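**Student:** Oh and the sequence shown: position 474 is 474 in the working numbering, straight run, nothing missing.
Keep in mind the hints are simulated off the structure, nothing from the lab. Bear in mind the structure is a predicted one, so any value in this text is a computation, not a measurement. Do not take every clue at face value.
As a list, the in silico SDA-like pairs of lysine to any residue whose alpha-carbon atoms are at most 20 Å apart [stated by the list, open to error]:
hint : residue 1 : residue 2
1    : K310      : G121
2    : K258      : K329
3    : K521      : D539
4    : K543      : T362
5    : K242      : Q333
6    : K521      : K555
7    : K452      : T463
8    : K176      : L9
9    : K426      : D492
10   : K322      : T244
11   : K111      : N314
12   : K176      : H10
13   : K126      : G54
14   : K310      : N128
15   : K490      : I3
16   : K207      : K242
17   : K480      : E447
18   : K111      : G65
19   : K393      : D86
20   : K543      : D78
21   : K46       : E141
22   : K36       : V146
23   : K46       : L107
24   : K64       : Q253
25   : K36       : L399
26   : K476      : E550
27   : K478      : N456
28   : K258      : D78
29   : K322      : F203
30   : K543      : V562
31   : K426      : Q483
32   : K476      : D533
33   : K310      : L324
34   : K329      : Q304
35   : K543      : R559
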Amino acid sequence: MNIENTEILHTDVLIIGGGTAGCYAALTVRENSDYKIIIAEKANIKRSGCLAAGVNAINAYIVKGRKPEDYVEYAKKDADNIVREDLLLTMSEGLNRVTAKMEQLGLVILKDENGEYVARGNRNIKINGENMKPLLASAVEALPDVTILNRVNITDYLIEDNEIKGAIGFSIEEQKVYVIRAKKVLCATGGAAGLYRPNNPGFSRHKMWYPPFNTGAGFAMGILGGAEMTTFEMRFIALRCKDTIAPTGTIAQGVGAKQVNALGEVYETKYGLTTSERVYGTVMENLQGRGPCYLRTEGISEEQNESLKKAYLNMAPSQTLKWLESGRKPSEQNVEIEGTEPYIVGGHTASGYWVDTNRQTTINGLYAAGDVAGGCPQKYVTGAMVEGEIAAKHIVQMLDEQAGTSDERSADAALDAKLQAVVDDKITEYTHYLNNPSGMFTTEALEEAMQKVMDNYAGGISTHYQFNAKQLELAKQKIKQLQELLPDVKADDMHELMFVYELRERLVVCLSVIAHLEARKETRWHSFAENLDYPEKSDAWLKYVNSRYEDGEIKIIFRDLVTL
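Please construct the entire structure, taking both the sequences and the accompanying hints into account.
**Tutor:** Put into structure tokens, the structure is as follows:
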């Protein structure tokens with residue numbers, strides 16, 4: 001199979017990833033300007049990204065009686081101070097604004113008899129959110145001068161002198177390459193799943209907490225492009241309902257269920273109530289022979305039974321089906337819980353691009369928003385929208401300021417000459433995988449090997465999320481060996497070519513994760529980064545661990561904390 005066509009497109013703004021942040025950014029650009037936009041999405045924006053199946057609550061909202069600074073303190077405490085307070089505040093200030101915008105677009109937000117939003121805890125409000133992504137996608141599809149390229153997989157940035165010039169990728173359905181030239185680029189590709197061996201094996205391996213099609217593409221493109229990245233060592237491990245991997249917050253906050261061990265003892269207060277401590281406590285109770293662990297739902301009311309079953313239909317129907325198939329209501333059986341494999345994600349933890357308050361990365365003209373942007377944890381859906389909005393407004397401002405400063409046509413021609421070699425090399429690489437005579441390995445085999453390495457040597461489920469320096473060194477060696485095998489993979493069509501690049505992305509991110517885990521010589525977040533060589537927390541490590549890929553190696557950079 002060969003590439004039959006190369007299409008060169010020009011636009012003002014390229015948005016890579018049509019999920020929550022990408023769609024909201026497109027709306028914001030067009031509301032504030034007439035600039036042309038291309039959205040490149042490897043799935044279809046109607047149901048792509050983390051919001052694909054909907055959610056049953058807005059988890060980041062400033063409820064009555066609270067202020068944005070309160071949200072900053074909550075996120076800061078949960079991450080044990082390793083956050084960018086400036087990013088958290090600018091995000092928090094926009095949470096209610098984007099929520100109101102979604103309600104205008106048709107999102108159903110539950111209200112009480114006084115017309116007030118129904119709160120769920122101190123930061124959440126209840127919604128009927130199954131159709132949240134289609135509402136957002138429909139609003140984007142109605143915008144003028146917005147071209148949506150569904151089923152197009154972007155693989156690499158086009159960068160010159162540390163300035164973004166566009167990106168290159170290919171159609172998943174046609175034998176076609178896209179070279180997209182853009183004045184500004186927003187990366188909104190989400191985080192990275194599938195680096196570690198998951199809870200469920202075989203056919204069910206993609207029944208996981210984070211979308212399996214989020215493979216760290218944006219991270220990998222940024223790393224390979226020389227962007228500075230931050231806090232990959234703050235991995236995210238979700239505490240979930242066993243087997244279904246359904247969210248536990250719906251039960252814990254919805255009916256006030258406590259975490260209990262097999263003896264019926266409440267153990268959550270023993271270890272702490274931050275996100276990582278809830279996972280750690282569950283791990284330790286099991287290790288010490290007091291498992292399995294549960295959320296205590298036995299004895300809840302019939303009304304609460306029905307509420308839970310309905311709530312999960314929005315985002316995890318498998319949990320409702322499990323109750324129905326067992327013939328036992330939540331009030332008749334506690335819900336067993338467990339931790340997932342680790343993920344790298346900037347929406348719950350602080351992993352991602354190092355950005356300024358406008359969400360611009362260290363590559364000029366390249367922005368990051370949502371799960372791919374670092375430093376700002378606990379942003380969830382609404383926080384991703386706010387970051388898309390912030391980036392979009394600054395993009396418009398920069399384009400306005402730069403308008404008419406040079407002859408764009410002649411500049412493009414000169415850049416095309418310099419970048420043509422890069423494009424030609426990339427098309428040659430695509431063609432190699434499509435016509436590889438050896439085809440010794442499948443992407444699935446190498447992916448399984450990668451997950452086994454990360455699980456065994458870089459703090460996966462099988463080692464109770466623990467690691468030491470020797471294990472990390474072995475992980476690094478073995479991941480590099482797998483990278484060397486990648487050229488021996490063959491793709492039979494464009495869809496399989498996407499799998500090749502998803503594997504490449506995951507391997508690149510794995511090496512960054514390993515480097516960051518090794519660099520932070522303390523255990524600040526139990527389970528998220530359980531360093532057996534340094535089992536205690538130290539004030540000497542109240543700083544960011546950042547990195548930049550230089551000359552084929554990951555260079556670690558330490559930065560001081562940024563406060564308000």
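**Student:** Next pair to validate is K476 with D533; report whether the Cα-Cα distance is within 20 Å.
**Tutor:** At roughly 17 Å apart (the allowed maximum being 20 Å), D533 and K476 satisfy the hint.
**Student:** Within a Cα-Cα threshold of 20 Å, do K521 and D539 meet the stated pairing?
**Tutor:** holds, 11 Å
**Student:** Going straight from one Cα to the other, do K310 and G121 come out at no more than 20 Å?
**Tutor:** holds, 19 Å
**Student:** Given the hinted pair K322 and F203, is their Cα-Cα distance within 20 Å?
**Tutor:** Holds, because 18 Å separates the two Cα atoms, which is no more than 20 Å.
**Student:** Next pair to validate is K490 with I3; report whether the Cα-Cα distance is within 20 Å.
**Tutor:** Given that 20 Å is the threshold and the Cα spacing comes to 15 Å, the pair holds.
**Student:** With a cut-off of 20 Å on the C-alpha distance, tell me whether K176 and L9 pass.
**Tutor:** holds, 13 Å
**Student:** Could you grab the alpha-carbon distance between K476 and E550 and see if it respects the 20 Å cut-off?
**Tutor:** holds, 17 Å
**Student:** Between the alpha carbons of K258 and D78, is the straight-line distance 20 Å or under?
**Tutor:** holds, 19 Å
**Student:** Take a quick look at whether K478 and N456 sit within 20 Å of each other, Cα to Cα.
**Tutor:** Roughly 11 Å separates the two Cα atoms, so the pair holds.
**Student:** Keeping to a limit of 20 Å between CA atoms, is the pair of K543 and D78 held or broken?
**Tutor:** holds, 16 Å
**Student:** Is the straight-line distance between the alpha-carbon of K543 and that of T362 20 Å or less?
**Tutor:** With a Cα-Cα distance of about 19 Å, the restraint between K543 and T362 holds, given a limit of 20 Å.
**Student:** Hint check: K543 vs V562, CA-CA at most 20 Å. Holds or violated?
**Tutor:** With a Cα-Cα distance of about 9 Å, the restraint between K543 and V562 holds, given a limit of 20 Å.
No hint from the list above goes unmet by this structure.
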